[in-house]
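Visitor: Here are the chains, one letter per residue:
Protein chains: 2
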Amino acid sequence: MIAEIITIGDELLRGEIIDSNKARIAERLLLLDLDCRYQVSVLDDPADMQDAFRRAAGRSDFVLISGGLGPTRDDMTTEVVAQTFGREMKLHEESLVVIEAFFRSVGRDMSDVNRKQAYFPVDADVLKNSIGTAPGFSIREGRAVFFAMPGVPRELDLMMDDEVLPRITSALFPEEGQQALSEGRSERRVVRAVMLRTFGMGESTLETELLDLAREGEVDLGYRTSFPDNLLRPVARAKTVEEADARIARVSAAIRDRLGAIVYGEGDDTMEIVVGRLLTEKRLSIATAESCTGGLIAERLTDVPGSSAYFLGGVVAYSNAVKASMLGVSEAVLEEHGAVSEPVVRAMAEGVRKRFGSDFGIATSGISGPSGGTEDKPVGLVWLALAMPASEGADGQTSTHAESFVFKVSRSGHRSLTSQVALDWIRRSLLGIELVGPSLMRRAGGGSNPSGSLA
Amino acid sequence: MIAEIITIGDELLRGEIIDSNKARIAERLLLLDLDCRYQVSVLDDPADMQDAFRRAAGRSDFVLISGGLGPTRDDMTTEVVAQTFGREMKLHEESLVVIEAFFRSVGRDMSDVNRKQAYFPVDADVLKNSIGTAPGFSIREGRAVFFAMPGVPRELDLMMDDEVLPRITSALFPEEGQQALSEGRSERRVVRAVMLRTFGMGESTLETELLDLAREGEVDLGYRTSFPDNLLRPVARAKTVEEADARIARVSAAIRDRLGAIVYGEGDDTMEIVVGRLLTEKRLSIATAESCTGGLIAERLTDVPGSSAYFLGGVVAYSNAVKASMLGVSEAVLEEHGAVSEPVVRAMAEGVRKRFGSDFGIATSGISGPSGGTEDKPVGLVWLALAMPASEGADGQTSTHAESFVFKVSRSGHRSLTSQVALDWIRRSLLGIELVGPSLMRRAGGGSNPSGSLA
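Going down the list, the protein sequences come from chains A and B. Numbered per this note's numbering, the first sequence spans residues 1060 to 1514. Numbered per this note's numbering, the second sequence spans residues 1060 to 1514.
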């Protein structure tokens, strides 16, 4: 079975926007084990569109089209599909009612051009659009089933999930559908996948570590870098959903066993979501004292809904005067050691924890570049410190872990990597495991952990 | 003249990565007025690749290929191009030397597979890769000139700019090249474009405002939304570079005249870069007091290299206790009016300005959602305040402008929009023009500006 994706729009071929729709469609097809073999983009030009539709009808089983369903003159997909295959256009009353209702609900007048969105080729199966005015449609032509969908990514996603994938599934399993599939009586295989998010180990090391798991053949193991994380994607193909899920579960457990805390989350979990979940569970709070990250750690923590339950606030201490006045860092220490130093970053973490009355205080001070480095303190150097309650029995005492790294990356990469290490330290501390930096980084100085409570 | 883009790689058709390369190539071709008519993506499959190359040779003048030049088994572009057109492969000594030198420079051993990257089809023109190991190449076949380039975006960009575009330009102007073009003796047209960044006016209003300029036909006027900004792109086609540039300049001036401060920058200028430039010029400083934006304003300001010259720091005051202790907001005022209120946001802006000793203090307090709203204070409500020196003659006095908005957008959209209004207020204040909110927003309450110094 062969799938083909056709994306339509002048803006795609002029490079005015990046076409993310083909990836959105393709990753969903992969989960049905559908081989997406052809991908074509064409201009809003009837001749080019006809050519693409005709070729697709001859070589593919499922043709997924995105774009050209809007109300403007440039939007010609429906009409050109009808022309290509010699079909008349026909009003779909039900869609007209829905489009009229949509305009009423947002308090706008419906213009005549929107009427055109309720016309479809004869015998088309109309696909609902629950959040926009452009319904999609499906027709069968020769060996191929065509699905025409809107180009707006959110509308496309919903239509793929709610309307298109169920129809493709029924087409793939025509006799008994899902039941046959889940009982393993179908000839088709199902595909299941999961995304494991890792931080702290380079991609080639990951591959080496997991080589034997990949070789066992239970799953295909995909790798992708999403700086500063590396993503692992076990994909299992099996005759039943249950068997595929069981394989994914076995391999995921083996990977977690092998990599330990390097795996920090699954699916859409970001580091800040994972940290927020742990802080909420343990009813602990955090405050931030940022120099080189300039507010990025606070921004990431507060990006999570409900973060006010554990995030009290922070200080962005960019100037030395602010480090002294707002965080209580001694001016003598600043003078003697400089802002990017262990004593200063410790004082920042301990200062913010004390002044905000939080359980944790995290601090950063570094040289993100591109300029500002010296021989002793090169561009890329950063000191991090995490202040926290000392181990039990030492009431009211603070334990502070500090370490330095040199990250040889761009300014924005430096800020991003530093904020990720900071959040990862909070996570590791909440899990009671060792605070380490990522293995891909070069260490600038020794770590120090005088209280020893973190080992 | 017709251009075609072919991107190669299983990962593209599986939706594992979003293919930004075709946009990178297409936007560069547009500047040569080259019509990019076809765009195709194919698997790492020799039969599919041959099919695509053969079809391109028959219908296009310039064929731009990206991907498949690496050292691994999956990388087959060079070999398949040679096979498709019946050419032998030949070692290019010069490239071998360069690849060997590259490995020496990064202190790694060169493996045998990298040798393959120095082989090209007979009569190929080798394209330099100044930052990676994969050179590209160009061959002529029938009416078409093929350019094969690496898939790594940074390598692709450089090779397009340094190696491919000059060759296409020479091909387009074979007799006298650029000279003929700049003197208008060529039959070809040149294309020049500029990007104007606007904030505060909706796209349809912009289109209406500029309708007559677009109609005059000196330029094509493109519109694109990059939330929360709208981007305008005048594109001029003319017989000479000078004439095209003059058209762009005339139309840009007319647009700025019409829209005033709505146009805040050009090209890659972000709002934070523009604000930083103005603060540096006027030797003024800023400090931030953020509640709902959670550090985003500070993060954006410090994203700009050199921001330590004008950004002193900030407080992320997420909890009420922190608003009181770190910014000096009175607990009675917090109690009476609530955190999202005019008195509180004023006190935050004035408090951070005083405590940090900065010229400007900007503050935000709002309900970004998805929950936390009440009937009086719905999700989306936000108060902003900008504290600054009062007008001349009122020594040491503070003038504070405060206003509220309701932004009916997602949590991250709310934070992004609020931070943009905040930065825009600083910009407007530095330019001595009225502080306004974007016209696309609904106002929740009246603005107030007791000192009147900002009008």
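The set of hints was computed from the structure by calculation and includes no laboratory data. From the three backbone atoms N, C-alpha and C, an ideal C-beta is built for every residue, glycine too. Take the hints with a grain of salt, since some may be wrong.
To be verified - Computed Cβ-Cβ distance ranges for the label pairs, DEER-style:
#, chain 1, residue 1, chain 2, residue 2, range
1, B, Arg1296, A, Asp1133, 15 to 25 Å
2, A, Ala1320, B, Arg1132, 33 to 43 Å
3, A, Gly1326, B, Ala1380, 51 to 61 Å
4, A, Arg1163, B, Arg1315, 31 to 41 Å
5, A, Ala1230, B, Gly1281, 23 to 33 Å
6, A, Asp1220, B, Ile1492, 17 to 27 Å
What the hints assert, rightly or not - From the derived model, a few chain B residues whose C-beta atoms are all more than 10 Å from chain A:
#, residue
7, Phe1144
8, Arg1336
9, Leu1343
10, Ser1458
Visitor: Hints first: check each against the structure and report whether it holds.
Guide: Against the structure, the hints:
Taking the beta carbon of each, Arg1296/B and Asp1133/A are about 20 Å apart, inside 15 to 25 Å as hinted. The supplied range of 33 to 43 Å is met by Ala1320/A and Arg1132/B, whose beta-carbon atoms lie about 34 Å from each other. Distance hint check: the CB atoms of Gly1326/A and Ala1380/B are about 35 Å apart, inconsistent with the given range 51 to 61 Å. The supplied range of 31 to 41 Å is met by Arg1163/A and Arg1315/B, whose beta-carbon atoms lie about 40 Å from each other.
Hint check: Ala1230/A to Gly1281/B, Cβ distance near 40 Å, so the stated range 23 to 33 Å is violated. Restraint check, Asp1220/A to Ile1492/B: a C-beta distance of roughly 47 Å breaks the suggested window 17 to 27 Å. Phe1144/B, annotated as away from the interface, keeps every beta carbon of chain A farther than 10 Å; the closest lies near 22 Å. Listed as outside the interface, Arg1336/B is consistent with that label: its C-beta sits roughly 17 Å from the nearest C-beta of chain A, beyond the 10 Å cut-off.
Non-interface status of Leu1343/B relative to chain A is upheld: no Cβ of that chain comes within 10 Å, the nearest being about 14 Å off. No beta-carbon of chain A comes within 10 Å of the beta-carbon of Ser1458/B; the shortest separation is about 23 Å.
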